[in-house]
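Could you put the whole structure together from the sequences, leaning on the hints where they help?
Chains as they are written, first to last, in the working numbering: chain E, 41 to 237; chain Y, 41 to 237.
Worth flagging that the hints you see were computed from the coordinates, not collected in a lab. Be a bit skeptical, because a hint or two may be false.
A pair counts as met if it fits within one copy or between any two copies, since identical chains are not told apart.
Quick list of in silico lysine to aspartate or glutamate cross-link-like pairs, EDC-like style, CA-CA up to 16 angstroms [unchecked claim]:
(1) 47 to 91
(2) 97 to 163
(3) 127 to 61
(4) 47 to 88
(5) 97 to 133
2 protein chains.
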Amino acid sequence: MYPGSFKNLIESFKFFPGIGEKTAERMAFSTMNLEDTQIQFFIKSLQEVKEQIHPCKICNSLTDQEICPICNSTLRQDILCVVEDAKVVFLFEKLGMFKGKYHVLSGLISPIDGVNPEDIGLEKLIDRIKNENFKEIILAFKPSIEGEVTALYIKKILEELDIEITRLASGVPIGADMEYVDALTLERALFDRKKIE
Amino acid sequence: MYPGSFKNLIESFKFFPGIGEKTAERMAFSTMNLEDTQIQFFIKSLQEVKEQIHPCKICNSLTDQEICPICNSTLRQDILCVVEDAKVVFLFEKLGMFKGKYHVLSGLISPIDGVNPEDIGLEKLIDRIKNENFKEIILAFKPSIEGEVTALYIKKILEELDIEITRLASGVPIGADMEYVDALTLERALFDRKKIE
Numbered sequence: 041m042y043p044g045s046f047k048n049l050i051e052s053f054k055f056f057p058g059i060g061e062k063t064a065e066r067m068a069f070s071t072m073n074l075e076d077t078q079i080q081f082f083i084k085s086l087q088e089v090k091e092q093i094h095p096c097k098i099c100n101s102l103t104d105q106e107i108c109p110i111c112n113s114t115l116r117q118d119i120l121c122v123v124e125d126a127k128v129v130f131l132f133e134k135l136g137m138f139k140g141k142y143h144v145l146s147g148l149i150s151p152i153d154g155v156n157p158e159d160i161g162l163e164k165l166i167d168r169i170k171n172e173n174f175k176e177i178i179l180a181f182k183p184s185i186e187g188e189v190t191a192l193y194i195k196k197i198l199e200e201l202d203i204e205i206t207r208l209a210s211g212v213p214i215g216a217d218m219e220y221v222d223a224l225t226l227e228r229a230l231f232d233r234k235k236i237e
Numbered sequence: 041m042y043p044g045s046f047k048n049l050i051e052s053f054k055f056f057p058g059i060g061e062k063t064a065e066r067m068a069f070s071t072m073n074l075e076d077t078q079i080q081f082f083i084k085s086l087q088e089v090k091e092q093i094h095p096c097k098i099c100n101s102l103t104d105q106e107i108c109p110i111c112n113s114t115l116r117q118d119i120l121c122v123v124e125d126a127k128v129v130f131l132f133e134k135l136g137m138f139k140g141k142y143h144v145l146s147g148l149i150s151p152i153d154g155v156n157p158e159d160i161g162l163e164k165l166i167d168r169i170k171n172e173n174f175k176e177i178i179l180a181f182k183p184s185i186e187g188e189v190t191a192l193y194i195k196k197i198l199e200e201l202d203i204e205i206t207r208l209a210s211g212v213p214i215g216a217d218m219e220y221v222d223a224l225t226l227e228r229a230l231f232d233r234k235k236i237e
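See below:
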């Protein structure tokens, strides 16, 4: 019913997770209102991203160089923040409060989804930790069963090394109303309670 | 902070209305997970849509031919459905319950946004109505001030012609709880009440 190439564009938008039929249609119609220069810029960006962007050889974060600027920097502290996704690296960098280095896994261990320890690139992480001289490893996974399992698994492997392993604090989000905080989070907040100094 | 072409891709997604920084970032990261063939298909669709899709010479709906299949059809009834956007044509066609023809305006009259009668292509519509032989003109605009103003304006111009002009029914949506229906809609539903036959 839609003209052929228009239908194809709708299908293309549906490649993206979270984009369903309606949103894809809306975006395809919006495309008709874009300037030629915008379409050309869009096409060029898609081409260049696919050609130039790849995982950093050291930390797996996204970069257009062989080794990303963070791994290349001599100003970074000897603290390694392990994350489940390159997205988290850029999120942390945007906040700008972490001055160490990163290591990006390919997700979290999730046996129920068929994701086993050997699937998320742990070997490369362990090798790196053994070869570089980190004072601390922060396991910055999301608070979830998968996050816990992955953190415990890594902690067990690294036990033999004399290195501090930490996780992010979990608890009541700043500004949240207590009544809207879920039970598991409240339980964790209680368990992780801090002494008021 | 993001690599150059990755940043450009984020900016490209932000060209689309309703896509903000966060969604654009999420889509750019998702792009990294697409197959090469998907990216190529996406790029080809964007190029072809821009090259091939344009307004139908007669009705302004989107088509990759000079005249769209609906305008070209001899099976369509002599009823003209006037809409504010090509999107509505495809929505109606998907539902498949309208068998007449369409005419797409460039939006609705909205003096507050600086959109005056001469900006929405009314001249072409009036010419078409005068030259073709329609039994009825349905003004299928959204129920809003702009929709009302545009409908009244068109009705006034067509007054001299002996042609039936109708609008879509407004009222309580099927399945809606009365308490969640807004006051204007209820008022309209009451005003447009139908005799139970």
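Now for the hints, and whether the structure bears them out:
1. 47 to 91: Between copies, since 14 angstroms is at most 16 angstroms while 26 angstroms is not.
2. 97 to 163: within (14 angstroms within a copy, 62 angstroms between copies)
3. 127 to 61: So residue 127 and residue 61 pass the 16 angstroms test across copies only (13 angstroms; inside, 26 angstroms).
4. 47 to 88: For residue 47 and residue 88, the Cα distance is within 16 angstroms only across copies (11 angstroms; inside one copy 25 angstroms).
5. 97 to 133: neither (19 angstroms within a copy, 51 angstroms between copies)
Checked against the numbered hints above, the structure violates only hint 5.
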